[in-house]
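A.B. asks: So you can see what is in the structure, the chains are spelled out below.
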Amino acid sequence: MEVFSDFQCPACKTLFMTTNRQLLESYVSTGKVYLIHRDFPLPMHAHSVVAARYGRAAAQIGKFEQVEQVLFQNQEKWEQTGDVDGTVAGALSAAEMAKVRALVKGGTLDAAIDKDRKLGQMYNVSQTPTTVFHCKGQTYPYGGAMSFDTLKQFLDQLLSQK
Amino acid sequence: MMQSSPLNFRRAVIWIGRLVLGGIFVYAGISKLIFPNTHLWPMFVLRFSISVNLSSFAQQVESYKIISPEASQMVAHILPFVEIALGLLLLIGWRLRIWATAITGIMVGFLAVVTRAYLLHMDINCGCFGTPEKLTGWTVVRDSAFAALALVMTIFVFLEARQPHPWSAPEKASLISDH
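Chains as they are written, first to last, in this note's numbering: chain A, 1 to 162; chain B, 1 to 179.
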């Protein structure tokens with residue numbers, strides 16, 4: 001599953017908070033599903049590119065999950081204030097935050113974000129979240145949030161196909 | 001000689017209202033079920049498509065911040081079917097007074113909700129037709145026009161219901177004049 005997501009998108013927050021956690025426990029940690037986060041910052045969200053950079057930087061030091069969680073949990077606050085840095089700092093140690101800041105300032109992260117964007121455009125992603133399922137050669141792109149119960153049924157059916 | 005033409009102004013407005021509002025309601029309901037995800041086959045993929053579309057619609061309902069998330073889920077899973085049913089009933093023209101009144105009530109409700117969101121400067125999607133559509137002043141204008149059409153149509157339906165149908169009414173005037 002490739003999930004094209006925008007940290008400032010309310011629907012992406014809902015997907016993360018209600019569905020992805022259970023997905024990680026039930027399917028990802030058991031090796032049934034491989035989950036990939038793809039950045040797709042939308043132009044109408046002023047701080048989503050900055051948030052994506054911090055997410056990327058955190059991923060490079062192995063702290064993506066913590067930063068993803070703190071960004072989505074505090075979305076309403078930092079989207080008003082623009083204080084992505086302060087929000088992320090709340091989830092990392094001082095040393096880790098220094099590394100993240102250096103990576104963000106380095107300017108090398110935008111290429112990876114653009115690569116994800118182009119991949120999304122190839123799948124005709126026009127909204128977030130969009131989840132692209134790949135299973136046995138078939139591709140199913142889905143725009144919008146989905147409940148875990150519905151997703152579970154779908155994944156079970158996909159996994160049971162021969 | 002007929003007393004009145006079967007196609008008077010009121011009847012014309014009723015026809016226009018039935019076609020426009022009935023068509024829009026059917027389209028609105030269907031679009032919420034199948035847009036934006038239109039994977040149709042096999043059956044479990046279709047079910048998943050509809051579920052995801054309705055989940056997204058529930059989010060749009062919730063974004064108006066009027067009812068609880070649980071109530072938004074319920075509304076999202078019922079409203080599209082209600083819209084399709086009402087639209088079809090309006091198009092068919094059966095028990096017109098009842099369904100025209102229902103559609104007017106719903107349109108006035110939609111208008112109130114959309115106007116409130118606009119006045120509160122809420123940056124949300126309208127959720128009207130299943131695809132992302134930003135709520136703007138034009139949404140309020142559009143819904144106002146539809147609500148006005150629904151109201152006028154309903155009033156005319158009630159007025160016409162009091163009149164005998166021109167083609168079935170006894171031609172008293174002509175009978176009197178012949179004698």
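Hints listed in this document are in silico derivations from the structure and should not be mistaken for laboratory results. Ideal Cβ placement from N, Cα and C applies to all residues, glycine included. Incorrect hints may appear among the rest.
Claimed, not checked - Some chain B residues close to chain A (C-beta under 10 Å, calculated; not the full set):
(1) 39
(2) 62
(3) 123
(4) 134
(5) 136
(6) 163
A.B. asks: Of the numbered hints stated earlier in the document, which are not met by this structure?
C.D. replies: As far as the earlier hints go, 5, 6 are violated by this structure, in ascending order.
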